[in-house]
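K.L.:
The chain contents come next:
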Amino acid sequence: MSEKSGIEKIKEASDSLRGTLKESLRDELTGAIREDDQALIKFHGMYQQDDRDKREERAAKKLERLYSFMIRLRLPGGFLKPEQWVAVHEIAGEHSTGVIKITSRQTLQLHGIIKSKIKPTIRSFSKAKLDSIATCGDINRNVLCSSHPKESSIHEEVFSYADKISRLLMPKTKAYYEIWLDEQPLLDKKEEEDPLYQDRYLPRKFKIAIAIPPNNDVDVFANDIGLIAVIENDTLKGFNIAIGGGLSSTHGNTETYPRLATMIGFTDTEEKTLKAIYEIATIQRDYGNRSDRKLARLKYTVDKYGVEWFVKEIEARTGFALQPAREYAFTSRKDFFGWAQNAEGRWYYTAFSENGRIRDDEQTRLKSALLTIAKTGKANFRFTCNQNVIISDVLDADKNSIETILADYGVSKETEASSVIRRNAMACVAFPTCPLALAEAQRYLPSLLEKIELLLQKHALEKEEIIIRMTGCPNGCARSYAAEIGFVGTAYGRYNMQLGGDRIGERLNKIYKENIEEPEILSTLDQLFGTYAVKRNTNETFGDFSLREKWVTI
Amino acid sequence: MNQEKNMLAGPKQTLLTGLTAGASREELIWISGYIAALIEGGEKDTAIPEPVVAVPMPQKITLVYGTETGNSKRVATELAAKAKKKQLQVKLASLDQYRLTDLTKEENLFVVISTQGDGEPPVAAQKFYDHIHRNGFRLEKTKYSVLALGDTSYPMFCKTGEDVDAQLEKLGGKRIVPIRKCDVDYEADADTWFEEVIRSLSQTVPAATPSIKVQQVPDIKSNKLIYTGTVLSHINLHDTGSSRETYHIELSAEGVDYLPGDSIAMVPENNADRVEEILSLTGIDRTRTIPFKESTVTVYDLLRKKIGIVFLHERVIKKYAAVVQQEIPEVRMDLFTLLQLYPVKNTEQFEEVLKILPAQSPRIYTIASSPSTHTGEIHLTVEKDVFEINGTQTTGLCSAHLSQVAPGSTIEFFIQRNKRFRLPAPEKDLIMIGPGTGIAAFRSFISERDATGASGKNWLFFGEEDFVTDFLYQTEIQDWHQTGVLSKVSLAFSKSKSTNIMVQHKLLEHGKEIFNWIESGAHLYVCGQKTPMSLEVESALLGIIERFGGYSAKETQAYFDKMKEEGRYSKDVY
Ligand code: SRM
Ligand SMILES: Cc1cc2nc3c(=O)[nH]c(=O)nc-3n(C[C@H](O)[C@H](O)[C@H](O)COP(=O)(O)OP(=O)(O)OC[C@H]3O[C@@H](n4cnc5c(N)ncnc54)[C@H](O)[C@@H]3O)c2cc1C
Ligand SMILES: Cc1cc2nc3c(=O)[nH]c(=O)nc-3n(C[C@H](O)[C@H](O)[C@H](O)COP(=O)(O)O)c2cc1C
Ligand code: SF4
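Chains A and B, in that order, give the protein sequences. The opening position of the first sequence corresponds to residue 4 in our numbering, with each subsequent residue numbered one higher. The opening position of the second sequence corresponds to residue 60 in our numbering, with each subsequent residue numbered one higher.
In isolation and in its complexed conformation, chain A is listed as follows:
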């Protein structure tokens, strides 16, 4: 059992994540890369995928699968300058499907990049000072931070931690620059010796988020490390630290389960905060399960050794004691659409982009709108963990011109016209690109919501901010386990319906009905909404009500 998993061997043998990637790129016979390299390329921010809609057709034509690559940018805190947006827009048009995807971890993904276009893509990104280092793989991922600057006057200060942490936990290898940007190989390999990751990296992906109360838009407890900014009379006092969050599970494997992070304490200085984070990572590196990847996330390490042991180990390694966690309170977990002004008087427009898919369609030309805005150079772009975009840092003087663009391209109309539940909903990518998808998600949820909207109207609940999330498999990429109504794909057209999650992300949901198809989904919801509409207490959320009504027991 304690035999190392295949991936572990690949990492160690990879010569600091180089593997045979260069050879794989040269291979003319296939659009794919070698199998071991498929594991390694993730550390460079890419995934090999294939168009699952076309598998059978191409097989009949004696053509290999339609392989392409998805690339995920490293955007700590999900921030982009206007000229960078223009670059992304152009790269997407040239080398990928054209659709720009805002992810549930506030970064951007491009899909459908064929092998021969990978290097040109990364070169163009690099020109725009963008990279995809460590956005995938067994390593610290894109670091999240509450997106909306209005959340706090000291947003900037907190926000800067996202970048500090991201850099603190970056791998030292120069492989990325050698392979994709043709930089000269290092003469002295010592330069890339990596005290944190060594040659084995972490046992599994590692995720960190920073939340600024009262909004938990980042779903801070879904992360391996969750930081909650503690702010008292407009000064940042430090961070509450929670560890061991992670949502995924595997159908039929009872040892796997979603878990919210456990609060372990508080640090009051930047130095201590960063040190604590660093050592939590080293503990996971040394104690995490390296034989069974399904049990390798920090959450399982925490449960295996116990929170107490873990805290002791942190204190031993950092050389200081964690203080008791401070008071904080979350009241919401959403995006605030439309215009808002922050303490410094700058303007922010949060635009709704359904499931984070930025493209032009008949009514709404969001993609063109963002390009036009970017070209004015008068706004930055921030992405939210609910897969939306904030046109941000707009000066009072420029507000009108931006507003006109948003109107001309139908963006403000779409944002205002979309129903409350639609704007709070999320779906993961799933088909056709996600190799793990069992059921549809982002291609299906919009049409399902239309029908759910009607049910809510029927029961006069259309103003309720119920959080609905759908994922195409139990990995929970759109955090479906942390929703008031969660749909988790089990097979094509079938979903587990999950209830009982709360509105602010402090309680997970539970399975209410298994393997159901649309008709049953709708008839069930019709009933539930009916009961909720008549029996709810004032201001009782649907999630809390589901629990009181014992539809599920936690």
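If you are wondering where the hints come from, they were derived from the structure by calculation, not from laboratory data. Glycine included, every Cβ here is placed at the ideal spot set by N, Cα and C. One or more of the hints may lead you astray.
[Said to hold, decoys possible] Covered stretches of chain A, going by a simulated chain B footprint (3 or more residues, C-beta under 8 angstroms):
(1) 32-38
(2) 55-62
(3) 253-265
[Stated by the list, open to error] From the structure, some residues in chain A lie toward chain B, with a derived Cβ separation under 7 angstroms:
(4) Lys65
(5) Leu66
(6) Glu67
Once you've looked at the hints, dock chain B with the ligands against the given chain A.
P.N.:
This is chain B with the ligands only, laid out in the frame that chain A set:
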């Protein structure tokens, strides 16, 4: 025998007896074939039936795999390679490529299959899985065994493998090795399983089955025999979005005798509507019989099946003008157009016209299958010929027809032998240059070498427009490369790269190595488009010889001519 003996003068006689005395049955068969060939063609290159013929034909096995994430494919491919070393003829196929109607014909069927979902077969194996559960047929002569890939951490461990194993038995198959179920570390188990398979087969390997190369013996009779082949499958090899259509067509052709390098020839029928239009335009009686060649046919059959009526040659236009006694510019035209612009006086005059129209010329298609691998079948690679005539898109008569033939329909054809385009001795190295439909001949060559375990190296040059949509036979070429039959593959996709790369550029790119191959006796083959492809390839080759041989232009030509004489440079171009 006495008669013949006396026919030969002393020394020849002794030679013959020396040759035949104590020869094995196969050797005699081969010798007779050799002589038959001499009678037929008299050319030296009929020496194709190399001695290899005399060695026992390896036993055939079919190795199919059903994979989701590639493990089963990997295993199967490795096992196939092993098997070939053991002189077995292996047909390796993914279950989504495998034609289910072949199942009942299989003698040795080995299945490598994984389990997915909760106990379900891989998507690529679903059709096969359903098919064998549908019953309605028997696997009387099939010996089989199953290698199941799975993962013990799943409740339904190797469920699919188990189902397949049980079902094949239900259908009458004979399990020669018990199913082996592998966990995620499957390598060792897979090898043991296969050793058992080999062992149990070797007990049943028939002594030199002379069913063998009898086909390799050129057969005079079959030469102009008309066969009727049924279309088994028909698919456009280009993915959607491609600018072109190239069809892979599989025909049943039991007992049709051909060699790699041969082509089929067929006479296309003229468009039925067009024939009707001509009939009504001229008012001639369709049932009226008139002489054609040695026999007589009805006017309808003549117009439909026997003569050319499109794109008539200037020569024919001239004759037509003479018959109808009118001034007609000598440009190529269709019969229908002629009749409209320059009508015939009456049906009698039209009969005169019919006499001067040329017989429909047969269209030739290089055979893309190999007698040893695709027994009882003939495969074709047909590109739909699309061209413009003053603005309007037109399609070629025969290729347009072949682009639509539905499975079940039949095609009449005869074999067009191509003695100047034959596989060399098994140990010789091959350089094959076949962009576009030129790949046809080499699909045949490589399959044949694969099946017969020829030891020579093989280097394929292929070219097309776009890597993603136009890579004809990509998965087959990949498999050949993995199992090592293809030692090298060089590809030129004119659209994929910004610069317009063609096969000849690839040749130049590998100039030094190509020259080394030539120097060490490699045979070169070019198949496909005559102009400009074959000309550019030829000048590239001359360039390479000149450069790396350090020869003068004159010496280069001499060197090249010598290659041709030795039958080391052959073309099948059109
Ligand atoms: C794009 C995104 C969903 C979206 O629609 O936004 C996504 C997409 C994928 N996730 Fe995820 N995950 C995304 C957020 C998440 C989240 C949510 C979060 O982190 O807040 C989770 C649940 C939280 C957690 O990690 O527990 C999540 C848990 C997974 C897992 C399960 C991890 C585990 O512990 O078992 C996998 C599968 C795996 O890693 O083996 C996975 C794997 C994948 C892959 C890469 C499939 C694969 O491994 O080949 C998906 C690519 C699909 C595609 O074609 O783009 N993704 N993934 C999100 C990208 C975030 C980012 O920018 O980095
Ligand atoms: C040895 C050999 C091997 C071959 N192997 C293959 C093979 O493997 N695969 C393959 O796809 N093909 C192969 N071919 C080519 C094939 O035989 C046919 O020539 C081809 O399919 C076109 O025939 P068709 O009847 O479709 O077109 P046709 O109707 O014969 O037209 C052929 C050409 O004539 C001209 N033309 C016809 N009608 C008109 C008109 N009304 N006005 C103006 N121009 C016109 C056009 O240029 C057109 O391209 C081979 C040919 C040879 C000689
Ligand atoms: C989604 C999924 C479901 C699986 N279900 C099963 C199962 O039910 N039983 C089993 O034995 N193995 C199961 N496996 C394991 C695979 O059979 C195993 O990984 C095998 O090596 C895959 O071979 P392949 O790459 O040829 O598909 C499953 C694997 C995946 C990814
Ligand atoms: S939840 Fe599953 S289906 Fe959806 S993106 Fe993540 S891995 Fe793919």
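K.L.:
Does each hint hold? Answer for all of them.
P.N.:
We went through each hint and held it up to the structure:
| no. | hint | verdict |
| --- | --- | --- |
| 1 | 32-38 | holds (count 4) |
| 2 | 55-62 | holds (count 6) |
| 3 | 253-265 | holds (count 3) |
| 4 | Lys65 | holds (5 angstroms) |
| 5 | Leu66 | holds (5 angstroms) |
| 6 | Glu67 | holds (5 angstroms) |
Of the numbered hints listed earlier, not one is contradicted by the structure.
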